Structures are given as C-alpha cells and as structure tokens.
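Visitor: These are the residues of each chain, in order.
Protein chains: 4
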Amino acid sequence: MTASVPSLSDLSDEARSLLKTQSIELPSWAFGNSGTRFRVFTTAGVPRDPYEKIDDVAQVNKYTGVTPRVSLHIPWDKVDDYEALRKHAEDQGVTIGNINSNVFQDEDYKLGSLTNSNERIRRKAIDHHLECIDIMRATGSPALKIWLADGTNYPGQDSIRARQDRLADSLAEIYAALDDDQELVLEYKFFEPAFYHTDVPDWGTSLVHCLALGDRAKVVLDTGHHAPGTNIEFIVAQLLRLGRLGAFDFNSRFYADDDLIVGAADPYQLFRIMNEIVSAGALAPDSGVNFMLDQCHNLEEKIPGEIRSATNVQEATAKALLVDREALDQAQRAGDVLAANDILVDAYNTDVRPLLAELRESQGLAPDPMKAFLESGYLDKIRSERVGGTAAGWGA
Amino acid sequence: MTASVPSLSDLSDEARSLLKTQSIELPSWAFGNSGTRFRVFTTAGVPRDPYEKIDDVAQVNKYTGVTPRVSLHIPWDKVDDYEALRKHAEDQGVTIGNINSNVFQDEDYKLGSLTNSNERIRRKAIDHHLECIDIMRATGSPALKIWLADGTNYPGQDSIRARQDRLADSLAEIYAALDDDQELVLEYKFFEPAFYHTDVPDWGTSLVHCLALGDRAKVVLDTGHHAPGTNIEFIVAQLLRLGRLGAFDFNSRFYADDDLIVGAADPYQLFRIMNEIVSAGALAPDSGVNFMLDQCHNLEEKIPGEIRSATNVQEATAKALLVDREALDQAQRAGDVLAANDILVDAYNTDVRPLLAELRESQGLAPDPMKAFLESGYLDKIRSERVGGTAAGWGA
Amino acid sequence: MTASVPSLSDLSDEARSLLKTQSIELPSWAFGNSGTRFRVFTTAGVPRDPYEKIDDVAQVNKYTGVTPRVSLHIPWDKVDDYEALRKHAEDQGVTIGNINSNVFQDEDYKLGSLTNSNERIRRKAIDHHLECIDIMRATGSPALKIWLADGTNYPGQDSIRARQDRLADSLAEIYAALDDDQELVLEYKFFEPAFYHTDVPDWGTSLVHCLALGDRAKVVLDTGHHAPGTNIEFIVAQLLRLGRLGAFDFNSRFYADDDLIVGAADPYQLFRIMNEIVSAGALAPDSGVNFMLDQCHNLEEKIPGEIRSATNVQEATAKALLVDREALDQAQRAGDVLAANDILVDAYNTDVRPLLAELRESQGLAPDPMKAFLESGYLDKIRSERVGGTAAGWGA
Amino acid sequence: MTASVPSLSDLSDEARSLLKTQSIELPSWAFGNSGTRFRVFTTAGVPRDPYEKIDDVAQVNKYTGVTPRVSLHIPWDKVDDYEALRKHAEDQGVTIGNINSNVFQDEDYKLGSLTNSNERIRRKAIDHHLECIDIMRATGSPALKIWLADGTNYPGQDSIRARQDRLADSLAEIYAALDDDQELVLEYKFFEPAFYHTDVPDWGTSLVHCLALGDRAKVVLDTGHHAPGTNIEFIVAQLLRLGRLGAFDFNSRFYADDDLIVGAADPYQLFRIMNEIVSAGALAPDSGVNFMLDQCHNLEEKIPGEIRSATNVQEATAKALLVDREALDQAQRAGDVLAANDILVDAYNTDVRPLLAELRESQGLAPDPMKAFLESGYLDKIRSERVGGTAAGWGA
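Chains as they are written, first to last, in UniProt numbering: chain A, 1 to 396; chain B, 1 to 396; chain C, 1 to 396; chain D, 1 to 396.
No lab work stands behind these hints: they were computed from the structure.
None of these values were measured; they are calculated from a predicted model.
Some hints could be false.
One copy or two, it doesn't matter: identical chains are merged, so the pair holds either way.
[What the hints assert, rightly or not] Below, simulated DSS-like cross-link-like pairs (lysine-lysine); rule was C-alpha separation at most 27 Å, straight line:
{"hint": "1", "residue 1": "Lys110", "residue 2": "Lys371"}
{"hint": "2", "residue 1": "Lys371", "residue 2": "Lys87"}
{"hint": "3", "residue 1": "Lys110", "residue 2": "Lys381"}
{"hint": "4", "residue 1": "Lys20", "residue 2": "Lys371"}
{"hint": "5", "residue 1": "Lys87", "residue 2": "Lys62"}
{"hint": "6", "residue 1": "Lys62", "residue 2": "Lys20"}
{"hint": "7", "residue 1": "Lys381", "residue 2": "Lys371"}
{"hint": "8", "residue 1": "Lys371", "residue 2": "Lys62"}
{"hint": "9", "residue 1": "Lys381", "residue 2": "Lys62"}
{"hint": "10", "residue 1": "Lys381", "residue 2": "Lys87"}
{"hint": "11", "residue 1": "Lys124", "residue 2": "Lys110"}
{"hint": "12", "residue 1": "Lys78", "residue 2": "Lys381"}
{"hint": "13", "residue 1": "Lys124", "residue 2": "Lys78"}
{"hint": "14", "residue 1": "Lys87", "residue 2": "Lys20"}
Could you build all of it, start to finish, from the sequences and the hints given here?
Guide: So this is what it looks like as structure tokens:
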C-alpha cells in the first residue's frame with residue numbers, strides 16, 4: 001500500500017522519459033458527427049473539411065502534449081493538395097500518421113472488397129489501396145492501415161475459403177506496391193458490419209496474412225474488436241513476443257459497440273494492457289508499435305472526448321510504469337498468488353493524476369488539459385465560425 | 001426415428017387447425033432499404049410510401065397465406081388519410097396490426113425520450129404516443145408497441161433510478177389514454193443503440209412496468225434482444241405462465257445484430273421457442289400473443305426475405321406440432337434424459353416441407369411460395385415502376 | 001481532479017458513519033479447500049469443522065473490523081449443538097447470519113430438487129429446507145438463503161413450465177413455515193451446473209417467485225451469476241427501487257467462473273455497484289440488504305483472500321461515498337455527458353487507502369489488515385495445529 | 001426444396017464412399033462417471049479399468065460402425081501391459097488412437113505444468129509427455145494430444161510472456177522426442193479451469209507454437225473451447241487452408257460447459273462445420289484430420305450418449321454431402337445471397353436418417369443403432385457384472 005501520492009521523482013529516469021515521450025495518434029474522423037444505425041445526432045462546430053479536422057487535432061495536442069499525429073481516412077480526407085495539408089498540419093505541430101483505406105461505403109462493396117468474387121470490384125478495391133499508397137508518399141505517412149468490412153450475413157452466402165484466398169492475393173499485390181520504408185498494418189474485427197462471418201475476425205487470421213506478406217506487414221489490435229471475455233492483454237503479449245504488433249487502437253465498449261472513450265468501460269483492463277506493453281518495452285518511441293485512438297463520440301463533445309481519451313491512456317501508462325517489477329517477478333517466482341496480484345493492483349490503485357499534472361507543468365503545459373481547453377474559448381469559436389458548409393460526419 | 005416424411009394427415013385435427021390459422025404480422029419497415037452504421041446499401045424497387053409497403057406485404061401474404069397483418073411505424077408511416085390506408089390494406093386482404101411509436105430519430109431525443117430529465121422533451125415523447133393512440137383508433141390497430149432507444153453511453157451520464165421513475169410516470173400517462181380494447185406492449189432490449197445501459201434491458205424490467213400499469217400491458221419478446229447464452233424459450237415459458245407475453249418478434253442474429261431472417265442463425269432455437277409456445281397452447285388465434293417479424297434485409301431482397309422468414313416460422317411450428325407430447329411427458333417423468341431429448345429432436349429432424357406444401361395446396365396456394373413469387377414477375381414490375389420519388393429506408 | 005489524497009474528515013458525517021458501520025457477512029465455505037471440476041488443490045491449515053471455520057471468520061473480522069457475521073451451509077455446517085456453535089461464534093464477536101440450504105450434493109437430486117417431478121425427492125428437498133428453518137431458530141439466523149442447482153442439460157429433458165409450477169409450490173410451503181421475523185432470499189444464476197436451462201436463471205424469475213410468496217421473500221443478486229455484458233448495477237438499482245433486494249453476494253469472474261475475489265476482475269464495476277447502493281441509501285445497517293462474500297479461494301490462501309475481499313469492498317464503498325452527488329445531479333440535468341461521467345470517475349480514481357487506514361486506526365485496528373494478519377503468526381499456527389482429521393472442502 | 005427423402009443412391013459415388021469410410025475416435029474417459037465442481041453423480045455399470053472402457057468403445061463401434069478407435073488418457077489409462085491392452089482392443093475391432101497427456105491433476109501442477117516457473121515441476125511435466133510418447137510406441141498411437149489446464153486466476157499472478165516462452169521450450173523438447181511418424185497436436189481452450197488467462201487460449205496461439213515446432217505439429221479444434229459468438233467453421237476453413245488442422249474434437253455447449261453430446265446445442269452449427277470439412281476435402285480418411293468425440297456424460301447414460309453423438313455427426317456429414325456444390329458456387333458468384341443460403345439450408349433441412357439406415361443395412365448393421373444397442377441387454381449385463389472395484393470416473 002503506497003503511503004502517499006507519488007510524484008514524478010518517484011519514477012525511474014527511464015520511466016519518466018517514457019512518459020515524456022509517449023505519443024498517441026488521433027483519428028481525423030473522431031472530430032465529425034457520428035452515431036449508430038438508429039440515428040446520427042449532430043454537434044455544433046464540427047469540422048467541415050480535413051483542414052478543420054487537423055485544427056482540432058492540434059488543439060488536443062496543444063493541451064495534452066501527447067497527440068502529435070493524425071490518421072487520415074481516404075476518401076473522407078481527400079484533398080487536392082496533400083503538400084498543403086501536410087504543411088497545414090506541421091505548422092501546428094502535427095504530422096500525418098497512418099493512411100486508412102475505406103472500401104466499405106461504395107455501392108460496389110455490398111458483398112465485399114478485397115475478397116469479392118467479382119474481379120472488377122476486387123480490382124477497384126486494390127486500386128483504391130494503391131491510391132492510398134500514393135497519398136502516403138505525398139503526406140509522408142509511414143503505414144497503410146487496412147480494416148475491411150468484408151464478410152457475409154448468411155451461411156453459404158459466399159465461400160469462406162475462397163474469400164481467404166482472394167484476400168491473400170489482394171494483399172500481396174498491395175504489399176508489393178509499398179516502398180521499402182512503408183508498412184502495411186491489418187486490423188481484425190470479431191463482428192460488424194457483417195453479421196455471420198467477417199473475413200479477418202481475429203488476430204490469428206491477421207497474423208497468418210502478415211506472415212505470408214513479409215516483415216513489414218503487422219497486426220492491428222483494436223480494443224473493441226473481440227468476443228466477450230477475450231483476454232486482450234494476452235494477445236498484446238503474444239503479438240509483441242512475435243514482433244508483429246503494428247498498431248494498437250484505443251477505445252472501449254461494454255458490449256457490442258467499440259467507440260467509447262478509451263478506459264470508459266474497463267479502466268483496469270486498459271491498465272493491464274499498458275502493463276504488458278510497458279513490461280515488453282514496447283512503449284519506447286522506436287518500438288514500432290503505433291498507438292492511436294480509434295473511437296467516435298456520439299453524444300459527448302468531440303475535442304473534450306479526445307482529450308479525456310488521451311489523459312486516460314496517460315494515466316494507465318503512468319500506473320503501469322509504477323509497477324514494482326522486481327517485487328512482482330519475485331512474488332511470481334515464489335508462487336505467491338495474492339502477493340503478486342497485490343503488487344499489480346497497488347500500482348493500479350495509485351492516484352497518478354498529480355504526477356501527470358507535474359509532468360505537464362514541467363513541459364510548459366497546463367496541469368489539467370480538460371479545464372484549460374474548456375476555458376480557452378475554442379469551442380465557442382468553432383461553434384460560431386463553422387456555420388454553413390457540410391459538417392463532417394462519420395463517413396464523411 | 002420417423003420412418004418417412006409425414007403428411008398433413010399425420011397431424012391431429014387440432015394441430016392441423018392451428019397450422020391453418022397461424023398468422024404472422026409483417027413490419028412495414030422490412031420493405032425499405034436498411035443497413036448498418038457503416039452503410040445503407042440500396043435495392044431497386046423498394047417502396048416509396050406506406051401504400052407501396054402495404055402492396056409488398058400483400059404479396060407476401062398472397063404466396064404464404066400466413067401474413068395478413070402489417071405493423072406500422074409512426075412517423076415513418078404517417079399518411080394524411082388513415083381510412084384510405086386502411087381500405088388500401090383491406091382491399092388486398094391485409095389489416096393494420098400494431099402501431100409502433102418512434103422516439104429515437106429526433107434531435108430532441110439525443111439523451112432519452114420517456115426517461116428524459118428535460119420535461120419538455122419527455123412531454124413531447126408522451127404526446128407522440130398519444131398521437132399513436134389516435135392513429136390506432138383510425139386504423140383499428142389493437143396494440144401500441146413501444147420500444148425505446150433510451151439509455152446512456154457512460155456511467156454517471158444520468159441516474160438509472162430516476163430514469164426508471166420517469167419511465168414509469170410516462171408509461172402510466174400513456175396507458176391511461178388507451179381505450180379499453182387497446183393494449184400496450186413494451187419491448188426490452190439488452191443493448192444498442194445505448195452503449196452503457198438501456199432503460200428497458202430485460203424481460204424483468206418490462207414485466208415490472210407492465211405489472212404496475214395493468215392487465216392490458218404486456219411484454220414484447222424480441223428474439224435478437226438478449227445477452228449471449230440467454231435461454232429464450234425459458235423466458236417464453238415464464239411469460240406465458242404469467243399471462244404477460246404480449247408479442248413475439250421473430251428475427252435472428254449471430255452476435256450483435258438482430259435483424260437477420262428468423263431461423264437463419266439458429267433454427268433449432270426457433271423450434272425450441274415454438275415448442276414452448278405450442279406446449280403452452282399459445283399458438284391459438286385467441287391466445288393474445290401477437291406473432292410478428294421484426295427484421296430488416298440489408299443485403300438480400302426484401303419480399304423474398306419476408307417470404308423465407310414466414311416459411312421458416314411455419315416449418316418450426318409444424319415440427320413443434322409433431323412432437324409426441326405424451327411420450328415426451330412419460331420420458332420426462334421417468335427421468336430418461338436421452339429418451340426425452342430424442343423425442344424432441346426427432347420432431348426437429350423431420351422434414352416438414354412436403355407437409356407444408358400439402359397444406360398450401362389445400363388452401364389454394366402454390367406449394368412453394370418463394371418459387372411462385374419469383375416467377376410472378378412482381379420484382380421486375382416494381383423495379384421498373386418504382387422509379388423517382390424517395391425510396392423508403394430504414395428510418396423513413 | 002482531486003488535488004490530494006482525501007482524509008476521513010473530507011467525508012460528511014453521514015458518509016463517515018456509513019463507512020464505520022458497514023458490515024459484510026462471510027461464508028463458512030470460503031475457508032475450506034475448493035477447486036474446479038478438474039481438480040481441488042489442497043491448502044495447509046484449512047478448518048476441519050464448523051468451529052474452526054468460525055475461528056477463521058473471526059480472524060478476518062479481527063483485522064478488518066467489517067465482517068462480524070458468518071453464513072452457514074447445511075449440511076456442511078451441521079453440528080450436534082447449535083447453541084454451542086452460536087456461543088463459540090459470539091465469544092469471538094461473530095454472529096450467525098444466513099442459513100444456506102444445499103440440495104445439490106445428494107444422489108437424489110441428480111435431476112432436480114424443489115422442481116423434481118418425483119414427489120418423494122421434492123418432498124425430501126422441501127423437508128431439508130424445513131430443517132434449515134429449525135437451524136435458523138437455533139442459531140438466531142435471520143434469513144434462509146436458497147440457491148438451486150436445478151435445471152436441465154438437454155432440451156426436452158424436462159418441462160420448463162412444469163418445473164416452474166413445482167418450484168412455486170415448493171417455495172410456498174417453505175415460506176409458510178417461516179416465523180414472522182424470518183426472511184427467505186432466493187438466488188438466481190444464469191448457468192452452471194445445469195447446462196441447458198436453470199430453473200432460476202435471472203432476477204426476473206426470482207422476483208416473480210418472491211412476489212408470489214410475500215413481503216419477506218426477496219431476491220439475492222450474486223455478482224458472478226449473469227450473462228456476459230449484463231449491467232449489474234442496473235439490476236441493483238431496479239431491485240432497490242422495488243424494495244426487493246434481499247442480499248448481495250460479492251465475488252467476481254472474468255468469464256465463466258464466479259468465485260474470484262470481489263473486485264479482482266473489474267474493480268470499476270464494483271465501484272459502480274456500490275455507487276448505486278450508496279445513492280439509494282441502501283448501505284445503511286437498517287436497509288434490509290445483507291451484504292456478503294460468496295467466493296471460494298482455489299489457488300490463494302483462504303483467510304488473506306477474505307481479508308483482501310473485505311478491503312476491496314471497503315475501498316469501493318469509500319469511493320462511492322466520495323462522489324459529489326450534488327454536482328453529479330446538476331451535470332446530469334444539464335445533459336453534460338462528459339462532465340457527469342467525470343464526476344463519477346473522479347471519485348473512482350481517488351486513492352482511498354490512506355482514508356481507510358485512518359478509519360481503522362480510529363477504531364483501534366491496524367491500518368493495513370493484510371500486513372497485520374500475515375505478521376500475526378496465525379497461518380503458521382493453523383498449519384501446524386490443524387493436522388489430522390478431514391480438511392474441510394468445498395462441499396464439506 | 002427436396003421433393004422427397006433422399007436415398008443412398010442419390011449420393012455421388014464419392015460422397016457414398018466418404019460416408020462409408022467416415023470414422024470418429026472415442027475418448028476412453030467418456031465411459032466413466034463425470035460431473036461438475038458441484039457434484040459427480042454416479043451411473044451403474046461404468047467401467048472399472050481401461051479394459052472395460054475399451055469393451056464399451058467396442059459396443060459403440062459394433063452398432064454404429066464408425067468408431068473404430070479409442071483415445072487413451074495418461075495416467076488414467078495406464079496399464080502394466082500395453083501390448084495386452086492393444087490386443088484386447090484389436091480383438092474387438094478397435095485400435096488405439098491418440099494418447100492424451102494429463103498434467104492437471106497432480107498437486108505439483110497447481111500453478112502450471114509446461115509453463116511453470118519452477119524448473120522441477122516443468123521438468124516433471126515434460127517427462128510425463130516423454131512417457132506418453134513411450135506409450136504411443138507401445139500402443140501404436142499416431143499422435144500425442146496436449147491440452148493444458150495452465151493459466152492464471154489473477155492478473156499479475158505470473159508473467160504471460162514468460163509462460164509463453166517456457167511453453168515454447170517445453171514443447172520443443174517434447175516434439176524433438178517424437179518419432180518421424182508421430183505427430184503432436186496442441187489443443188486450445190478459451191477458459192477454464194484457469195479463470196483469468198489460459199496459456200493456449202485460441203487457435204492463433206496454438207498455431208504459433210505449431211509453426212515454431214515443425215510440420216508434424218498441428219492444431220486441435222474443440223467445438224466447446226471458444227468465446228461466445230465465435231464462428232467455428234471459419235476457423236476450420238482457415239486451419240484446413242493452412243494444412244494445420246490436426247484434430248477436431250466434437251462436443252457441444254450452450255454457454256460455459258463443453259461436454260454435451262455433439263449437436264445437442266446447435267445442430268446447424270455442426271452441419272456448417274461439416275460443410276467446411278466436406279468442401280475442403282478433409283473428410284477423406286487420408287486427410288490427416290483426426291475426428292473424435294471429446295465429451296463427458298453427466299446425467300445421461302454413457303454408451304447411449306456416445307452412440308447418439310456418433311449418429312449426430314453422421315447425420316450432419318450426410319447433409320453436408322448433399323449440398324449441391326455446383327449450384328452453390330453459381331449462386332455465390334452471382335451474388336444471390338438468398339439463393340446461396342437456400343441451397344445450404346435445403347441440405348440441412350433434409351431428413352437423412354432413412355439414408356443412413358440404408359447405409360447401415362448395406363454394411364450389415366442394424367438400421368437404428370440406439371434401438372439395437374438398448375435391446376441388446378448389454379446395459380443390464382454391465383450393471384450386474386461391474387460391481388465392486390472402483391468405478392472409473394472423470395479423472396480416473
């Protein structure tokens with residue numbers, strides 16, 4: 001039981017350094033309207049184009065200091081001049097992160113994209129990815145991120161096996177088009193929007209395809225994409241062990257939807273995940289794992305939602321860095337079940353918010369990013385300025 | 001083990017009569033476009049107004065003979081002249097069934113409808129139901145069906161308890177406005193679109209409110225609205241025992257979505273459900289249980305999807321009617337686990353399609369409704385005629 | 001964001017009083033060996049009879065100060081002289097709590113107990129409960145707690161409906177035998193050990209039977225007895241609203257087993273549950289809700305496991321008492337989703353261990369119960385003294 | 001819609017041949033008593049040693065004709081003279097199949113076996129497998145089957161990563177000891193008996209270890225070992241595509257227990273699984289996939305339970321062989337969702353029991369194996385003869 005609230009100086013030099021250099025990529029689509037199949041509710045002041053989305057990303061980074069990159073989604077974030085977009089971002093301290101393809105919102109993809117038995121449509125889906133690779137070059141993006149809505153709704157609708165084979169062929173062609181310094185990361189998802197089967201439902205399937213492609217193909221783990229009861233930190237540990245965790249998408253869910261604020265449903269799980277990441281040394285900037293948020297805010301305000309998400313990840317990380325690993329290892333080897341568990345839980349139960357406030361102040365930031373942002377007047381500003389035009393929405 | 005395929009004459013008089021008089025209500029919204037939060041794909045020839053929806057309902061009834069009623073959804077199916085709509089339906093052998101309210105697609109209902117702490121919004125939601133009751137009078141509808149999207153996305157967002165109290169108050173006012181020959185049926189749903197909690201998540205909650213309201217308030221059980229692993233036939237048996245099963249919504253799902261064709265995911269479960277209904281005598285027309293489809297067709301054709309759904313329910317029913325109840329009771333009392341199970345499974349394994357073909361022919365219908373419909377040319381007709389105007393969609 | 005670690009004086013008088021008077025009943029069976037169907041591993045020093053179990057209960061109470069009652073399980077805890085057992089307990093500051101019946105470990109109950117179609121067996125099961133009521137009188141126990149393993153493994157094995165009716169009859173006879181100051185509490189469980197259906201699977205079923213019995217019949221909610229994704233705090237709120245939450249069994253589980261240390265799997269859920277209890281005023285000693293642990297320790301030491309469980313509940317309670325309810329109510333009414341959630345989460349993120357250490361010291365207890373117990377030498381003592389005889393085991 | 005009940009001659013030559021040569025391995029442990037953590041109920045006449053277990057296996061094969069192999073479990077089935085056991089089996093037309101190791105019922109394995117951080121225990125667990133390999137040689141068993149109960153109950157109890165590494169080391173040593181004609185098959189299980197994490201929880205983990213070991217290491221898929229909602233036939237298709245499906249364990253479950261009669265919970269799922277197997281050509285005797293039952297009978301009679309299981313698999317197989325693959329492929333390529341689904345469902349809805357009766361008669365067997373066995377008097381015989389001695393039980 002910790003006697004008191006820890007301060008920054010209670011951390012080791014290494015831990016402090018990891019906390020200072022931690023970074024989380026933001027999704028451009030988190031700033032537009034989003035919703036469910038029942039209704040997309042609107043929010044005043046949402047961006048109307050990719051430039052305004054980047055402005056909002058920069059706001060989150062301005063107050064948290066940990067979100068210096070933005071993921072783009074193509075075609076939602078297509079612009080005429082990517083150089084201009086890149087410069088717009090960099091002027092505000094933000095770089096372009098992953099490029100996300102989208103092959104699920106075109107009438108042609110009703111029955112699949114990279115897995116479609118219709119060769120014209122499959123060709124179109126591959127070509128879309130080649131276009132994304134061009135945009136990667138134009139924006140300096142390091143990785144192509146692929147999540148597929150492909151799957152079927154009814155048994156027999158299509159051949160599971162044939163779809164796997166077509167998927168492998170499609171991915172091979174896309175992978176071959178990458179430059180040597182570009183990566184491909186493949187996301188899996190247990191369910192939705194396909195109802196009966198999805199073509200990349202689990203980490204095993206994603207891994208199998210990545211192994212077939214090559215070293216620069218890695219798995220994306222998204223917190224919300226698992227069956228109930230799945231031990232996600234186990235998968236993190238396994239993929240890190242195999243050197244194939246390419247990206248980690250933060251969000252959370254209670255049952256079926258995966259777009260709540262990270263840590264909102266199960267903060268202890270988030271801590272356990274960060275604990276695996278920290279214990280495997282994967283938090284370091286050069287670990288090759290791209291940490292990002294992938295969530296949408298339906299009811300809550302967008303920018304505050306992203307700020308809270310970033311600080312939630314920071315808090316879980318700080319707790320994971322506080323775990324007494326030597327004592328833990330000793331208790332584990334002694335087979336002292338309760339003592340080992342207690343060491344982990346002790347760190348989790350610690351209130352790290354003062355420590356993080358200290359960290360921010362040491363970096364010239366306000367100690368409480370949410371408060372500082374809400375007081376900044378930015379929300380009022382965009383609500384009054386962003387009038388007219390088409391509000392960006394999930395899928396736009 | 002049955003030696004051969006059973007024919008209609010193998011059924012008892014009572015069973016044959018039940019099969020002949022079975023009826024399933026169709027939802028008007030099954031005939032428009034629908035989809036997921038990712039994309040609503042379009043289908044050629046979908047209706048553009050409630051009249052055309054009823055035309056399609058009538059088609060399903062024409063070929064299956066078991067779908068003589070249609071559920072309307074307000075405001076989606078609002079018309080100027082309900083008398084005309086009613087006549088349009090009746091001219092084609094269809095009557096208006098339940099009226100479904102909709103308090104989830106208006107900006108005001110972002111944080112709830114009948115449970116909203118904002119009195120203006122809660123008033124508006126109640127008034128919408130009073131309007132629905134007027135439409136019931138105009139259309140001769142026997143029951144007001146309420147499903148609420150109400151709930152919260154985050155712990156603490158609102159008071160669970162206070163919302164229950166407001167829900168009870170709202171329902172009491174609505175119930176009081178009903179005529180003596182009108183019923184209120186309250187649907188529960190485990191999750192979605194609310195992410196953290198839903199205000200009527202389970203049959204217990206729905207029952208608690210119905211008990212508080214009075215005898216004409218009953219529970220709606222929707223196949224797709226339960227947690228994984230829930231034994232739905234148990235709930236059917238329990239609600240029938242209590243005399244509070246008001247309606248049964250057929251559909252199916254594999255994991256999180258609930259709008260697949262009934263029986264498509266787990267036909268054995270559908271049989272077990274029908275077995276409880278048959279064994280409790282609840283299939284009879286005067287049992288007070290309204291059987292209906294509540295599903296949407298995203299990828300498949302709408303009218304064929306409804307035809308297949310209706311025949312799936314018929315097949316499960318015919319199998320349930322074939323169960324040798326005397327032998328079953330005997331094996332159960334003898335504690336012969338395998339023998340009792342075998343008696344049930346024997347009926348399930350029987351191919352009842354020839355028997356149902358025979359039934360249809362005895363009623364002057366084609367033996368294979370799907371084949372007859374597909375050959376009728378109706379799909380070509382609506383694809384060419386229903387051009388221009390706004391295609392009806394889920395939510396429209 | 002709390003600026004610092006709260007102390008006891010930061011609590012309101014009422015909150016402080018509630019924390020001081022909080023009590024948690026311990027199960028006698030938590031102190032014996034337990035395991036899974038694969039293996040029951042042994043632990044040195046486990047009790048060999050009910051007297052030694054009570055000695056261990058007293059140890060937990062000695063160090064935590066919050067576990068002054070013990071639940072007995074009949075026949076596991078049958079003794080010749082209940083007066084002597086009662087005195088043995090009271091001499092150590094412990095009283096006898098609920099009496100738990102056991103109708104699942106006799107060959108006769110293979111196919112059911114209170115629901116069995118065999119009248120001799122059903123009679124035997126009822127009589128067992130009447131015997132339990134006698135033991136209640138002898139021990140001063142206030143409530144009879146019934147959990148049934150009844151159910152079936154295969155569809156058709158028995159009639160779901162007939163079993164409900166027999167259950168109702170059996171319970172009525174048992175309830176009628178209670179004295180006016182005795183209660184009956186009925187526990188539900190989603191699954192296990194029955195594989196296909198359980199006869200009391202959900203709170204709705206338990207409530208339906210309690211309503212039929214009378215005012216002194218109430219529902220037992222056990223944390224581990226729900227389908228995945230179930231919002232347990234909702235059920236707590238609903239049962240409290242109805243005045244029918246009779247007991248709350250603490251434990252936790254990740255997927256299918258329900259006997260882990262409370263708070264071990266999802267501490268945030270435990271906090272949310274305690275938050276509903278606190279906000280409904282149900283923590284007060286006279287609230288009529290019996291809080292107890294119902295868990296077994298398979299791998300970890302028994303007494304330390306119970307100590308950790310008790311302190312986990314205390315911590316969740318203290319956090320719930322720290323919630324700023326006025327600010328929460330205001331944010332909820334304002335529809336400020338993030339702010340409302342933040343108020344709840346702020347309390348959860350607070351480290352209340354120092355506050356609880358302060359509380360214990362104010363009561364003359366050691367600040368860290370686990371440390372104090374481990375240093376007391378009691379474990380060594382029982383390991384050397386409790387040799388020979390039959391170690392108590394789960395089910396013994 | 002099939003016009004009539006198909007007969008054997010409606011099958012293609014190849015399909016008929018596959019059905020005739022289909023074989024399913026039986027587990028020796030299915031014939032002893034088994035139960036849950038709550039109670040193991042007894043059954044009269046269960047075997048008292050491995051010889052009597054094989055007698056019962058031979059009975060199932062005598063009546064079904066499809067179960068000519070038996071899996072042994074070591075140490076449960078240890079005998080002094082394996083040559084004698086082998087001969088005892090072969091005299092009755094049964095051969096020894098896989099050898100199953102058991103490293104979960106010894107006190108030493110409380111915290112793990114092949115993953116244990118205690119080197120002495122890990123050594124002991126490895127040695128146990130080497131002994132199993134010796135028994136394989138003595139019995140002519142083709143494969144060593146490993147299922148591990150290893151895992152942890154609490155976060156932090158042990159290092160997930162270190163356990164994976166130790167597992168890899170242990171498996172490498174075991175694999176190296178195999179003869180060139182011996183295989184190692186590694187089973188995964190989502191949960192139980194470990195509560196927090198299992199060391200081989202999913203097919204991905206099993207595959208990763210098999211890939212590291214070599215070509216003769218393959219994955220075992222057990223129907224009951226998945227999270228709710230998992231699409232098992234997808235995994236079958238994927239593992240067959242990779243050439244790494246080593247064995248398929250049949251059983252079924254509704255929620256958490258995995259030892260019900262195969263097909264008892266979801267016969268349509270069983271059909272879909274067999275459909276993937278048939279469509280991939282993996283039913284052929286030389287496919288390298290070992291099909292077996294892995295289930296225990298708690299309430300029902302053992303031998304009849306195994307007979308029903310075998311016929312359930314046969315029925316699902318016959319239905320899968322009836323699928324019109326050409327029409328299916330055409331409908332799939334045409335994107336006709338409903339038609340494709342209908343082709344699959346049409347085969348499923350067909351009653352294949354007469355066809356299988358015909359098959360049996362053509363092989364000199366009784367048309368109804370269950371009836372023939374129950375009339376044979378064998379049950380009475382063993383009930384009267386197998387008195388005294390220790391009844392075999394699950395775990396014995």
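Visitor: A separate judgement is required for each hint: does it hold in the structure or not?
Guide: Against the structure, the hints come out as follows:
{"no.": "1", "hint": "Lys110 / Lys371", "result": "between (44 Å within a copy, 25 Å between copies)"}
{"no.": "2", "hint": "Lys371 / Lys87", "result": "neither (29 Å within a copy, 59 Å between copies)"}
{"no.": "3", "hint": "Lys110 / Lys381", "result": "between (40 Å within a copy, 23 Å between copies)"}
{"no.": "4", "hint": "Lys20 / Lys371", "result": "within (21 Å within a copy, 35 Å between copies)"}
{"no.": "5", "hint": "Lys87 / Lys62", "result": "within (17 Å within a copy, 64 Å between copies)"}
{"no.": "6", "hint": "Lys62 / Lys20", "result": "within (15 Å within a copy, 45 Å between copies)"}
{"no.": "7", "hint": "Lys381 / Lys371", "result": "within (16 Å within a copy, 55 Å between copies)"}
{"no.": "8", "hint": "Lys371 / Lys62", "result": "within (13 Å within a copy, 45 Å between copies)"}
{"no.": "9", "hint": "Lys381 / Lys62", "result": "within (16 Å within a copy, 60 Å between copies)"}
{"no.": "10", "hint": "Lys381 / Lys87", "result": "within (23 Å within a copy, 55 Å between copies)"}
{"no.": "11", "hint": "Lys124 / Lys110", "result": "within (13 Å within a copy, 38 Å between copies)"}
{"no.": "12", "hint": "Lys78 / Lys381", "result": "within (25 Å within a copy, 40 Å between copies)"}
{"no.": "13", "hint": "Lys124 / Lys78", "result": "within (17 Å within a copy, 41 Å between copies)"}
{"no.": "14", "hint": "Lys87 / Lys20", "result": "within (25 Å within a copy, 61 Å between copies)"}
In this structure, only the earlier hint numbered 2 is contradicted, and the remaining ones agree with it.
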